[in-house]
Structure formats: structure tokens, C-alpha cells
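> Assemble the complex: chain A is given as a structure, and chain B must be docked to it using the hints.
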Amino acid sequence: MSDSSFENLPKGWKSVPSDLGSDQTAFKGVQWGKAMMWIFLLSDTFIFSCFLISYMKGRASTVVDWPNTSEVFSLDFMGVPVPLLLIAIMTFVLITSSGTMALAVKYGYEKNKKMCGWFIFATAIGGLTFVGMQAYEWSKLIHEGVRPWSNPFGAGQFGSYFFMITGFHGTHVSIGVIFLFIFARKVFRGDFDTGRRGFFTTMKSDYVSIEILGLYWHFVDLVWVFIFAFFYLW
Amino acid sequence: MSDEYEHKLEAKSDYATDASSVPSTDIDSVPKAELPDQELYHSHSWWTTYVFSQDAKYIGIQYALTAVGTGLLGLVLSWLMRIQLAFPGLGWLDPAAYYQFVTMHGMIMVVYLLTALFLGGFGNLLIPLMCGARDMAFPYVNMLSYWAFVVAVVVLLASFFVPGGPTGAGWTLYPPQAITAGTPGSDMGIILMLISLILFVAGFTMGGLNYIITVLQLRARGMTLMRLPLTIWGIFTATVLAMFAFPALLVGCLMMTLDSLLGTSFFMPAMVSLGETLTHEGGSPILFQHLFWFFGHPEVYIVALPAFGIVSDLLSVHSRKTIFGYRMMVWAIVGIGALSFFVWAHHMYVSGMNPWFGFFFATTTLIIAVPTAIKVYNWILTLWRGNIQLSLPMLFSLGFIVTFLNGGLTGLFLGNVTVDVPLSDTYFVVAHFHMVMGIAPILVIFGAIYHWYPLITGRMMNETLGKIHFWITFIGSYAIYFPMHYQGFVGVPRRYFEIYDSPYIDTSTLLLNKFITIAVLIVGAAQLLFLYNLITSARLGKKSEKNPWKANSLEWQTPQMPPEHGNWGKELPKVYRWPYDFSVPGAKEDYIPQNQPPSEIIGAKVEKT
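Residue numbers (my numbering), protein chains in the order written: chain A, 1 to 234; chain B, 235 to 843.
Read the hints as simulated data drawn from the structure, not as lab findings.
What you are looking at is a predicted structure, and each value in this text was computed from that prediction instead of being measured.
With a straight-line Cα cutoff of 30 Å, these simulated DSSO-like cross-link-like pairs (lysine-lysine) come out:
(1) Lys-266(B) x Lys-204(A)
(2) Lys-106(A) x Lys-14(A)
(3) Lys-140(A) x Lys-57(A)
(4) Lys-842(B) x Lys-11(A)
(5) Lys-701(B) x Lys-780(B)
(6) Lys-106(A) x Lys-11(A)
(7) Lys-28(A) x Lys-804(B)
(8) Lys-839(B) x Lys-808(B)
(9) Lys-842(B) x Lys-14(A)
(10) Lys-266(B) x Lys-34(A)
(11) Lys-14(A) x Lys-808(B)
Looking at chain A on its own, in the form it has when it is part of the complex (with noise of 0.2 Å):
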């Protein structure tokens, strides 16, 4: 695709209508791909805020006091209780996660074949990192008796909106962990120089697909930022 077609074009705000009065294409010179994932992550905004305004309306309608936050998320540390602690570093983790993504796609339009997929690679132990964590956040506090209709700090919703909000989202981040490792491999095997063909799709492999998957990964730790505060700081 030359861009060289695309200079003549208006830019800013002027190019609105001018893209949208055009024909052919609406986002002018965007891979269908690239198109297809932002306009997902719309509708996977929709399905998170729907969780997030349940989870606001399901805490302000509770019949039972809601659990103290910062003590059932406290870890001990050297014997003392740090509320925050574990919470901290896998947030930490996560959006050094996507700063080691951004990387990746920088060094995959470049065709640093090498760089890109360490940094792909690097992503993923990120994400599974992260994943790990939370894993141990969950058995922590199962351990500590909250379950998903109950616990013994509170209101039994708290169990509930937690397990499900965050496991929609851990599971948001394995998918993406599982892209990642397969995307490392195609990149190491040179499928994105060759143009190999997908073993489903058969259609040929660009490196706009690491940005396509770069996207999604932003916003996988877009929507952790939110999903800390809503649970974690209020």
C-alpha cells in the first residue's frame, strides 16, 4: 500500500468529512484488520463498562457494609501489612508490559526481525507475570475464606463482583499471553518477512498484525487502570 496517494489528502478535522464523503474506504490507507480490532475494543469497552457500572451499582445497593479495601488487599511484608503492596507491582508489571509491546511494533515496522520478537517475547512473560500474580492474589484471599458468594469481611457481593471482573479480564490477558508466544514464534520463523500464509486463514502475514495485537494489549492495560481504581482505591 503506497501512502504516497494519501499526501494530497486534507488533514485534521477537515479530514473527516473529506474521508467520509470519499469512496472506497472510510479510514484511508487503515488495514482492514487494524479497522476490525478498534472497532472490537468499542464493543469490549461496552462489555467492561457494563461490569464496571454493575459492580458501582451492585456496591451501592448492598444490605451489608462493603469489606475495608485496603485491609482485605493488604500483603504482609516483613511482618507488616502493606495494603497496596502486591497490587502496585502488578500494575507496574502490566504497563511496563505495553511500553515492551510498543517496542516490538516499532522494531517489527522496521523488520528487526530479532528485536521485535524479543520484545514480543518480553511482553508475554509480562502478561504472564501479571497473570501469575493475580493467581496468587486469588488464592490468597481464598485462602483468607472470601468466595464468590461470600467472605468473612463484608458484603457477599464483594467475593462475587471481584472474581468475575477480574477473571474476565485475567482472561482477557491469557488469551493476549497466548497470541504473544504464538506471535514471538512467527516472528522468529520470519513469517512476517516471507508473507507466510496463516495456518487457518490463508491469508498471507503482515507486520501491521503486530500492531493489531499491540492494540489489543494497550487495552487490556487500559482497562486494568480502571478496574484498580473502581476495586482497589475506593
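Okay, now just chain B, sitting in the frame of chain A:
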């Protein structure tokens, strides 16, 4: 008046020549291709051609057949319910079976028939063809979408065979009763229903992404958004609505599944059931209603908007006249779509919410009537002084306008809080929503099938059988639903499995119930006639010429009819105008296809589109 009009035309064309920076003097030029030709998947075996097909046309037909097959079950369920209502003395159904049939009938018709048929069926068939693309953007994902739908249907039907049977909670699946002992299917049936819906949403998302990207990114050279047939606008906007509305359903279903399986209390308050206090505590049943209707109201328009779009095209083609107010029609579709996200709580006036809330939602509901009325006026003005052909698609379209107007007007009643409160949960509501989102879209579906049947099979459907089908269906549906309005006014409650002689029920109701049931059976039988026509015409129907309706839109302009794999042969079409240039003064024919170059129609007074 006419001077003014001509002056405007001139001014318009001046503007067009000024604005176009194309230096070429060639009047047939269209913008350069931005993308290389789409690479297609070519099937190599029977399985990948007919079963796991990746060709949007096949997927569309697969979707349509599966949806119609499921819909037939919904039809049979309605017969069984009506026989029970007309002859309660027979003891035909027990209360549990009645509730289960009501629930399955509603859910099947709304989600698995109408949504799947309009978006999965007509969307897949028409979007690539009408946009001038070779296929959907992601054929593989499209195939997965269909098979996810099949699995969803299988899971739904499986609920008929589990202990306790399918859920009988009503299609709205309100908790706490949906998952509380005493409601039919409250353990296994409801779980399968929820899982089936989750699968449907997942499958639909895959298809919906395809439809949106194909419309936005895969149009032919010269095909601007404002040159798209209204069919595509309707399907496209409905798909966007679905992408934003289904998430609420997904979340609601997921939470109720957890309530039922894990014993969480998202929607379950503290309750005493069968003399025992349940372990649930502190949940909010209203929360589910909000989630459900945040999906449920846009869902009405997910069904209605494609019908609006398709009927606009049918009316224009079969009255040989330009659609009246094309741009207004587009903006009305988009406006209705946007507004539909702000009206959901008008389904919840009696749920005990704050009256100010009801006031807000009544206002937004009534505002929706404005773009909807614009559409109805425009349909009528399209017909005005048109060369109306009373072909089957036209008959069904005319039937649609009347029926939709009817159902829409009763919607104005129900949209007002004060009128809704006494009418809610009566047969008036049943009559209203069946008219507006049952009969009206189904009439469009029939019209569309008669219209596009030659495109799929290369043969015409039998006209006489079709006319019998139309008149029985059209008059029959009024025989069914008009009396229900009356029943609602005299206060007959809906969802009662047995209406018998009592001081609270008007005696006329009993007789009317018998009348309605006879009408239902006759209308149902007419649908079998339609099916017979549908099946036999594929083999025995009159061979259709190419473009039998002399339509302008691209799906009829393929080199082969029915279109082959890849739709367009070697060269993709170039588009020069909108699809509504009918009866243009100075043109040789009374139609000018979208891809006919301007040099071939010199002398025709075509408006610049």
C-alpha cells in the same frame, strides 16, 4: 417553482465541477483504486465449499436457512399456545409448558430468527454485492460466526431435552424468578438459554465486525457512503447498534449464570422460597432489567432498521421512482440508531423506578417518533405518482408501511408513563410489539425474499402462490392482532395460560380468543404454502432474466447471475451514481444502473449524486 428547481440543479452541478479537482476531462473517470484486489479463499473440497464455506453468499444462505428452520419451531410453539388459550377446557398444555413455549417462542423469534436472518442472512448476502466487493473482509471469521450461531441454536434446542425442560421465565428472563425453584426450567433450562445467548453474542460479534469493516473499507471505486443503497445503511447501522447493545446482554447473562451456578447474589435479593430462606442476599433484580433492556431496546431497532432499509429499496425499485429524501432517510436511520440507546427504561415504568426517570425516558421515546415519522412520510412520498408495480415485493412493502404505522402509533400510547401503567402486562402490549417488530419486519423479509430469490437461485418464485400467501398473511395478521388491542383495553393480562369465564374477564374475550386462534392456524398454514413455493421454485420456477426487476443497485449487475465466487469476474465495478435513478427524463430505459458510465447515457437529465 419549476424554475427554482432547475436553478438549484444548476447551482448544484456548478458546485460539483468546482469542487472536483480531477483534471481529467473524461466524464467516465472515477478515483483510483486505493487497494490491490482482494485475495480470495478458494475452496478445494466439498466440506469447504458447502459446509465450512467462506463465501459470504453461501454463509448468508446458511444463516438464513438455519434462522428460518429455528423460526418454524417458534411458529409451531405459537400454534400450541394459541390452541391452549382458545380452548382452555381441553387441558392441552399445563402451565409450565405454556410458560416454556412463551419464552422459547419470544427468544427464538427475536434473536434467533429476526436478528440472524436480517444481519447474518441478508447482511452476508447483500453487503459485499451491494458495496461492490468480492467478499467480506474476513471470510474465515465470517465462517466461524455462522458456526458459532449453529452451536448457539443447538444449545438452545438442547434445553428442550434436559430435565425440567427449557426455561419458562419469559423472554426477558427476569431474575429472581428465572433461577428460583417453581419457575419451569429454573436449573438446567435457564443455564442452557444463557449459554446459548452468550454463544450467539460471540458469534454475532465476529460477523458484525465483518459487516462494519466491509461497508467502511471495501467499497467499489466511486461508491461513496451516500451512494449506498438504504438496505446497506439499515444493516450497517443495525450492526453498529448490535456491537454496542449485545455487550449488556452478555454481561447480564454471565452474571445470572454465576448466580445460578455458583450461588452469587448479583441479582438475587434475600428471599423465602418454598418455606425456606435462600442463601442469596443483597442483590438487585432491577440491575438485570437495566442490563437486559439496554440490550433489549436497541435490539428492537436491530430488527427494524434493516427492515427500514430493505423496504426503502423495494418501494423505490417497484414504483420505478427515486427514493424520496435519500439523505433524510440516511440521517433518520442513524438518528434512530443513536436515540435507541437512551430509551431503554420505558420498558420498566412499572418496575418502581423514580417517576422523574420515567419522565425522561418518555420524552426520549417520543422524540424517536420524529425520525421514524420522517421515514414513513418519505415512503409514502416515494410512492406518490410513482409507476407502482403491484409485484410481490411491492405488496409486502405496502403491507409493511400500514402495519408499521399501526404498531408505531400504539407505541406512542405505551411510551407515555401514565398511559402505559394501566396498559402494561395486558394484551395491548402483546399486540403492539407483535405488530411493530413481529409482523412488520416479517413482511419485509417476505418481500425481500421474493425480490432477491432470483439473485440466489436464478429463478422466480411462483406469483400466484405468493399472492395467496400475501393476502392471507396480511389480512390474517390483522385478524390476530386487532382483537388483542381490544382485549388489552378491557384488561386481559398477558402470560396467563388459561383465560376462563370469570367476573374479571369480559366474556367477549373468550370468543375472541377462539377467533384469534383460528386466524393463527390459517396464517400459519399460509406460511407452509410459502415454504412450498420457496423449495419448489428453486427447481421448477420460471427462469429469471438477468436483473428481473430492472434495479440499479450493484447486486444485479454481476457478470453472472446468480453471482459466482468472487462476484465480479475479472474487473470490479465502477460506480457513478446512487442506486435510485429511475424514470430519468431523457434516458432510454427507465433505470440507470449504478455502474453504467455517464458516456452511455448522454442526454439523460441525471441529478448529480
